[in-house]
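Number of protein chains: 2
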Amino acid sequence: MKPLRIFFAASILAMSSSAAAMATDLLPSWQDGATKNSIISFVDKVTKIGGPDFIEPADRVAVFDNDGTLWSEQPIYFQLAFALDRVKALAPKHPEWKDTQPFKAVLENDTKALIKSGKRGLMELMMASHVGMSTDQFAEIVDAWISSAMHPKTGKLYSEMVFQPMIELLGYLRENGFMTYIVSGGGIEFMRPWTYRVYGVPPEQVIGSSVKVKYEMKDGNPVLTRLPEINFIDDKAGKPVGIHYHIGKRPVMAFGNSDGDFEMLEWTTSASGARFGLLVHHDDAKREYAYDRKSHIGQLDRGLDEAPKRGWSITSMKSDWKCIYKYQCQAK
Amino acid sequence: MKPLRIFFAASILAMSSSAAAMATDLLPSWQDGATKNSIISFVDKVTKIGGPDFIEPADRVAVFDNDGTLWSEQPIYFQLAFALDRVKALAPKHPEWKDTQPFKAVLENDTKALIKSGKRGLMELMMASHVGMSTDQFAEIVDAWISSAMHPKTGKLYSEMVFQPMIELLGYLRENGFMTYIVSGGGIEFMRPWTYRVYGVPPEQVIGSSVKVKYEMKDGNPVLTRLPEINFIDDKAGKPVGIHYHIGKRPVMAFGNSDGDFEMLEWTTSASGARFGLLVHHDDAKREYAYDRKSHIGQLDRGLDEAPKRGWSITSMKSDWKCIYKYQCQAK
Chain A
1 MKPLRIFFAA SILAMSSSAA AMATDLLPSW QDGATKNSII SFVDKVTKIG
51 GPDFIEPADR VAVFDNDGTL WSEQPIYFQL AFALDRVKAL APKHPEWKDT
101 QPFKAVLEND TKALIKSGKR GLMELMMASH VGMSTDQFAE IVDAWISSAM
151 HPKTGKLYSE MVFQPMIELL GYLRENGFMT YIVSGGGIEF MRPWTYRVYG
201 VPPEQVIGSS VKVKYEMKDG NPVLTRLPEI NFIDDKAGKP VGIHYHIGKR
251 PVMAFGNSDG DFEMLEWTTS ASGARFGLLV HHDDAKREYA YDRKSHIGQL
301 DRGLDEAPKR GWSITSMKSD WKCIYKYQCQ AK
Chain B
1001 MKPLRIFFAA SILAMSSSAA AMATDLLPSW QDGATKNSII SFVDKVTKIG
1051 GPDFIEPADR VAVFDNDGTL WSEQPIYFQL AFALDRVKAL APKHPEWKDT
1101 QPFKAVLEND TKALIKSGKR GLMELMMASH VGMSTDQFAE IVDAWISSAM
1151 HPKTGKLYSE MVFQPMIELL GYLRENGFMT YIVSGGGIEF MRPWTYRVYG
1201 VPPEQVIGSS VKVKYEMKDG NPVLTRLPEI NFIDDKAGKP VGIHYHIGKR
1251 PVMAFGNSDG DFEMLEWTTS ASGARFGLLV HHDDAKREYA YDRKSHIGQL
1301 DRGLDEAPKR GWSITSMKSD WKCIYKYQCQ AK
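So the sequences go chain by chain: A and B. With the working numbering applied, the first sequence corresponds to residues 1 to 332, in that order. With the working numbering applied, the second sequence corresponds to residues 1001 to 1332, in that order.
Keep in mind that the hints were calculated from the coordinates and are not lab data. Remember, it's a predicted structure, so these values are computed and weren't measured experimentally. It cannot be assumed that every hint is accurate.
[As the list claims (entries may be wrong)] Within a straight-line C-alpha distance of at most 30 angstroms, the following computed DSS-like cross-link-like pairs (lysine-lysine) qualify:
| # | chain 1 | residue 1 | chain 2 | residue 2 |
| --- | --- | --- | --- | --- |
| 1 | B | Lys1236 | A | Lys119 |
| 2 | B | Lys1249 | A | Lys214 |
| 3 | A | Lys214 | B | Lys1236 |
[Claimed, not checked] Label pairs and their in silico Cβ distance ranges:
| # | chain 1 | residue 1 | chain 2 | residue 2 | range |
| --- | --- | --- | --- | --- | --- |
| 4 | A | Leu304 | B | Ala1091 | 47 to 53 angstroms |
| 5 | B | Asp1136 | A | Pro152 | 55 to 61 angstroms |
| 6 | B | Ile1076 | A | Val131 | 36 to 42 angstroms |
| 7 | B | Gly1311 | A | Gly177 | 58 to 64 angstroms |
| 8 | B | Asp1301 | A | Pro92 | 23 to 29 angstroms |
| 9 | A | Pro52 | B | Lys1286 | 38 to 44 angstroms |
| 10 | B | Lys1286 | A | Leu26 | 56 to 62 angstroms |
| 11 | B | Ala1113 | A | Met133 | 53 to 59 angstroms |
| 12 | A | His94 | B | Lys1088 | 43 to 49 angstroms |
| 13 | B | Asp1136 | A | Leu304 | 29 to 35 angstroms |
| 14 | B | Gly1311 | A | Met133 | 46 to 52 angstroms |
| 15 | A | Glu306 | B | Lys1212 | 39 to 45 angstroms |
[As the list claims (entries may be wrong)] Stretches of chain A that chain B covers, calculated by requiring three or more beta carbons in the stretch to come under 8 angstroms of a beta carbon on chain B:
| # | region |
| --- | --- |
| 16 | 200–207 |
| 17 | 219–225 |
| 18 | 304–316 |
Don't be surprised by glycine CBs; every beta carbon is placed ideally from N, CA and C.
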């Protein structure tokens, strides 16, 4: 094939993609209005070849928090629900847990005692339920849980409680040449088994907290064993660090919902050139949950104060989104 | 544009790419023979749609060691040459170095004393020369060095001492839908500033050893400061761990040259399905260097013994490569 003909064929494809984008609204679950317009005009600006704000596809990095940004995080972080289920499943092998906190609290569904065990208690639960197996075994356990466990309020699979407007946004950005990374305080290995299926984000674009793993031989085969030792906490000031280790580029767009995402948005939007920051505000008690400044989960306080002066967009789940969960949007 | 027309345009492109591959030898610096054939037949096999060994593009991960695999590593690792140059450049600000080992040895070009300082001495040099600045500043320092420093034997830029056959291999694999990752014992931030330019490998596909970095405000702007503390050593059994953290997928092909790459090849090739491992053997004293079992740098001992029974290919630089460095190949 001659170069000219390749060019011609490529042009047809390029035109078709751009024409399709103009004809089709790729963000149908977003209400028409300021927030949606700000996203579209930003993307138009940085993808306009020859424009003053053009950004090369190689540098189009968008980072998304997960808990509270791509899916719900109430009444408890979904990964904590996973940990509690795991503790219950493992209890028969640990008779001593009946009399030991914080395990006793879990087995007796004693929320007060569980809260009283504090961060240290939660860490004990995470370690007891998350380590000691190979990475492959852990992926299987997560996969089985995410395919069956139900949310206490909606009765839906946790993986169905993802925000349809954000799923559309991920796709819209990828359509415009962005790499879409997840940068979550949650466990990297808790997310990777299902993020591609649910969000279209492959494992290599998932960044999260991690435990140490060790390479060793088991029955003549190499395995990576998960150890009871924190490797990295991908939260708050850890998020820019995680981004740096994994991507090595400063993001162009950042999306979060809590003060745990503050530094990620700050790191992203204080770079030179066109930058975009957005916080999802949980203000929809009817369709999801309403919480911000005083919440123990997903607290959003400093972010609400500083977003306006930093030029960050605040998305109201109540007024900016036509529907919340995928199954609600499909029912419309 | 109608779907059928898009399909047609895409087909033209797909055909052109496949036709071009058949018509053009993408590995022209490789001698025709067993090694080259084994690479091509493996790639044909795993990319053949509907074939028994077909691997989805999303799972086509190829990992490459850097030192001794993609560029030379003699008479000393190039990053160590960088560290020594940095120590000399910083010496005026550290008068105490004149009387303190291992710095004294560096400033007096006393190789014997330098070797005598051992691993601990080297670590001191690395820390003194590699930390205390922001990640952006470090990238600038590396960029300036790699653009100007000359190799003592060839008088060429270090970035010109990359192996042309391996550059071709990287491109050939990418042409066949592979993601090409670097997985090096060298510093991740020492490589990232130039790997895209030199190897076509973007920062997010570079895995390496790292120091801890800290997010902090400097003059009202956030920076990541490099700290004098090891974060991760991406060597030996650390390589499968680094691959796991960064990619979260088990590679399909692995390329190395020393026993530091053994576990990476083992991890890759002991997975189920079609897998490929290759060791570059430095046996060309005339055009590059000859070393293996007894070398302090890039020791290849266990790998030479076990490669045959593990089905790993051994590439002889002398007989499998028509030329070594890019500038030699271009001169032909």
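Structure versus earlier hints - violations, ascending order
Hints 1, 5, 7, 8, 9, 11, 12, 14, 15 and 18 contradicted; others consistent.
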